[in-house]
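Participant: Sequence:
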Amino acid sequence: MRPAAQRPVVRQRREVEFTVSFRLEGPLLEGMLVRLEPLAHRHATDLAAAAEEDRSSYGFTWVPRAAEVDDYIDAQQGRAATGGMAPYAQVQISSGRAVGATAYWNPRLWPGRTELCAIEIGFTWLAASAQGTGINPEAKLLLFRHAFEQWGVVRVDLKTDARNKRSRAAIEALGARFEGVLRNWSQSWAAGEAGQLRDSAMFSVTACEWPECRHRLEQRLARLRE
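Under the numbering used here, the sequence shown has 8 at position 8, and the numbering climbs by one with no breaks.
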């Protein structure tokens, strides 16, 4: 046996874990046509009516049935409680009614920091009567503007089922850039595809593109008011 002085010295490497505490919180955002209010059960009655107007455009989108709205709100609030989502009701200013929903979610932070570098906008749907009224582009303008100008993100993501031509056209009309299709990427909401994955068409707006995107959306909304 070697003397203790000659035994090899084993130095243990100390691993230091860095944990970032972050909670996504979306403030109330208001425009001329729509007010985005943090989603709450007070919106349930309006959302139940909105979801049942005409469901023909919801083939690839998660929109609750009237009887499911309370559970839907609970599910979105459960995601919010983890700090990873800020769900909204889309309230039509002219009527005061909630006519749909949307959300910030999937926040990404700068490495080793508590500031956002990117965010996704998703879980968006509108009542049939609210589609084509300018509510969707104004809601996106409000969400984009807060993300880029208050949070200082460098990227906002949007995605949809790759088969959803209507949604893809609407996203492109916002000024977002198509980046490609990720195969088997997200949960499918199509009828008969429970538990399956879908191909997702990916879009984004980056900070350098935001001024042009903002101008484009503002011009579009101005034409609607003429």
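Hints may contain errors.
[Unchecked claim] With a straight-line Cα cutoff of 25 Å, these simulated SDA-like cross-link-like pairs (lysine to any residue) come out: (1) 165 with 155; (2) 165 with 185; (3) 165 with 192; (4) 165 with 115; (5) 165 with 186; (6) 165 with 97; (7) 165 with 128; (8) 165 with 152; (9) 165 with 200; (10) 165 with 55; (11) 165 with 56; (12) 165 with 219; (13) 165 with 25; (14) 165 with 151; (15) 165 with 150; (16) 165 with 45; (17) 165 with 129; (18) 165 with 110; (19) 165 with 81; (20) 165 with 58; (21) 165 with 191; (22) 165 with 221; (23) 165 with 149; (24) 165 with 113; (25) 165 with 189; (26) 165 with 210; (27) 165 with 188; (28) 165 with 214; (29) 165 with 195; (30) 165 with 77; (31) 165 with 184; (32) 165 with 62.
Hint data in this document are derived by calculation from the structure and do not stem from the laboratory.
Participant: When the hints from earlier in the document are held up against this structure, which numbers fail?
Facilitator: 4, 6, 8, 13, 14, 15, 16, 18, 19, 23, 24 and 30
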